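Student: Put together the whole structure using the sequences plus the hints.
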Amino acid sequence: MSNLKAKDINETITWKEITLGCSVFEGGSAELVNTGDWRTIKPVIDMEKCKQCMLCVPVCPDMSIPVEEDGRRGEFNLFFCKGCGICAKVCPFDAITMIKDEK
Amino acid sequence: MSYNLKEELKKEERFTGGHRMCAGCGSPIAVRTVLRALNPEDKAVVCSATSCLEVSSFMYPFTAWKDSFIHNAFENAGATISGVETAYKALKKRGKIDDTYKFIAFGGDGGTYDIGFQSLSGAMERGHDMVYVCYDNEAYMNTGIQRSSSTPHFADTTTSPVGAVIPGKLQKKKDLTKIMVAHNVPYVAQTTFMGNFKDISEKAHKAIYTPGAAFLNVMAPCPRGWRYETEELMTITKLAVDTCVWPLYEVIDGKYFLSYKPKTKLPVEDYLKAQGRFSHMLKPGNEWMVEKMQEEVNRHWIDLLVLCGEK
Ligand code: SF4
Ligand code: SF4
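These protein sequence lines are chains B and R, in that order. Going by this note's numbering, the first sequence wraps up at 968, each residue one higher than the last. Going by this note's numbering, the second sequence wraps up at 1094, each residue one higher than the last.
Just so you know, these hints were derived from the structure itself, not from any lab. Treat the hints loosely; a few may be bogus.
Straight line, CA to CA, 25 Å or less: simulated SDA-like cross-link-like pairs of lysine to any residue [as the list claims (entries may be wrong)]:
1. Lys-789/R x Leu-943/B
2. Lys-965/B x Arg-1010/R
3. Lys-916/B x Lys-961/R
4. Lys-954/B x Cys-805/R
5. Lys-954/B x Asp-1053/R
6. Lys-872/B x Lys-872/R
7. Lys-914/B x Ile-1085/R
8. Lys-1048/R x His-1063/R
9. Lys-954/B x Leu-788/R
10. Lys-1021/R x Asp-935/B
11. Lys-981/R x Asp-935/B
12. Lys-793/R x Leu-920/B
13. Lys-1044/R x Val-1080/R
14. Lys-907/B x Asn-979/R
15. Lys-826/R x Leu-1022/R
16. Lys-872/R x Gly-995/R
17. Lys-826/R x Thr-884/B
18. Lys-793/R x Leu-897/B
19. Lys-1066/R x Lys-1044/R
20. Lys-793/R x Glu-933/B
21. Lys-881/B x Asn-855/R
22. Lys-954/B x Glu-1052/R
23. Lys-876/R x Asn-925/R
24. Lys-961/R x Cys-805/R
25. Lys-957/R x Arg-1010/R
26. Lys-957/R x Lys-872/R
27. Lys-956/R x Lys-872/R
28. Lys-955/R x Gly-1059/R
29. Lys-954/B x Asn-1081/R
30. Lys-981/R x Arg-937/B
31. Lys-794/R x Val-932/B
32. Lys-1056/R x Lys-914/B
33. Lys-954/B x Asn-787/R
34. Lys-1044/R x Pro-957/B
35. Lys-916/B x Tyr-786/R
Just so you know, these numbers come straight off a predicted model, no measurement behind them.
Tutor: Encoded structure:
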């Protein structure tokens, strides 16, 4: 029985190599998926204005505002961020601006 | 221990990025918040009814769930999680499992109010030690915005299309939270996303750690189906609560407690005008629809105040 990991399961393997019953043997394998390329606008943070109130963190649908070891919010994770703008809207200090994402 | 957002956010995320829900969707926010309410040392088995959430978070070979996850079908999330919980209890009794596991089912309103309703009702009545979380976005969004029994009165959906023939959905929204209360389970709550997430986080924690069956109804707006700009999510939930369209309350062992009373109860129009699905209600000649909606909201609100001993 195959217990291939998500990173090795792609269009090039055959049905014999996929996992039995299409089970997935590792949690959180979606972290390999880039959803950042859906975005047309992106959030930018002005750390000078940010008061670390953390209100922007729980509202993100894409887990794109990481919390650092010291409990402060970090830079946006643009690999996942879809540019919805919810974080920018809730920030009470206008520290987040949405700008056109040039790729 | 009193709630502290900063402390809560230090917990490791149990739902990952890379899922394929639309930008600005409310359901992953509901999921990550509920999972954050688990004690970090506890494990979880999650089950989901067929839904936007299921098809977008679990596309082989990718899973956005760090915990064990099972998808079975639209109609049986309640039964599936009950079975797993029963197996766990049996194994635990025989000393074959040491870890503590918690059992959580997620369903959209289609999978909960409609299609999965009987299996949910059975699971609640049998009293499994589990939580069923409905992320209520008030229509079948996954298949293209068809009306469900949770869709509000007059809302425009693809199967209740506004036009010369009908003014949107003809029927009223089913009150599922109260139906769950009628199952005599120890914990039922209605919540959504507000400010620092205290309300939803505390309710999720209670729901998970109250022994027996618990039900959580979370309003989770859908920008596509409700027709509003994605960034407005938190404005919409706040308006839903401040107009009393979606009151926050909990029912512990049959006793009702109001979680939040708006300082000024806003007119329902404020909530309606923020969303395209209700835009026809604000056109000249359709004032009766807004009046009707306001009447319905007022009646439910007063009933709730009475139940909560606030009136
Ligand atoms: S724009 Fe949306 S997806 Fe991106 S970080 Fe902000 S809330 Fe998250
Ligand atoms: S909401 Fe604004 S001030 Fe608060 S942590 Fe986020 S960016 Fe900083």
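Student: Hey, Lys-954/B versus Asn-787/R, does the alpha-carbon distance stay inside 25 Å?
Tutor: holds (22 Å)
Student: Tell me if the straight-line CA distance from Lys-881/B to Asn-855/R falls inside 25 Å.
Tutor: holds (24 Å)
Student: Assess, step by step, whether the Cα of Lys-872/R is no farther than 25 Å from the Cα of Gly-995/R, and give holds or violated.
Tutor: holds (13 Å)
Student: What's the verdict on Lys-916/B and Tyr-786/R, does the C-alpha distance respect the 25 Å limit or exceed it?
Tutor: The given pair, whose Cα atoms are some 20 Å apart, holds under the 25 Å limit.
Student: Holds or violated: are the alpha carbons of Lys-954/B and Asn-1081/R at most 25 Å from each other?
Tutor: violated (30 Å)
Student: Verify the proposed pairing of Lys-872/B with Lys-872/R, using a straight-line Cα cut of 25 Å.
Tutor: violated (35 Å)
Student: Are the Cα positions of Lys-1021/R and Asp-935/B separated by 25 Å at most?
Tutor: Answer violated: Lys-1021/R to Asp-935/B is near 30 Å, above 25 Å.
Student: Decide if the proposed pair is consistent with the structure: Lys-794/R and Val-932/B, CA atoms, cutoff 25 Å inclusive.
Tutor: holds (9 Å)
Student: Would the pair Lys-957/R and Lys-872/R pass a check requiring their Cα atoms to be no farther apart than 25 Å?
Tutor: violated (34 Å)
Student: Does Gly-1059/R lie within 25 Å of Lys-955/R when you go C-alpha to C-alpha?
Tutor: Satisfied, since the Cα-Cα distance of roughly 18 Å is no more than 25 Å.
Student: Given the hint that Lys-826/R pairs with Thr-884/B, does the C-alpha gap stay at or below 25 Å?
Tutor: holds (24 Å)
Student: Need the status of pair Lys-965/B, Arg-1010/R: alpha-carbon distance at most 25 Å?
Tutor: holds (22 Å)
Violated hints, in rising order: 3, 6, 7, 10, 15, 19, 23, 24, 26, 27, 29 and 32; the structure is consistent with all others.
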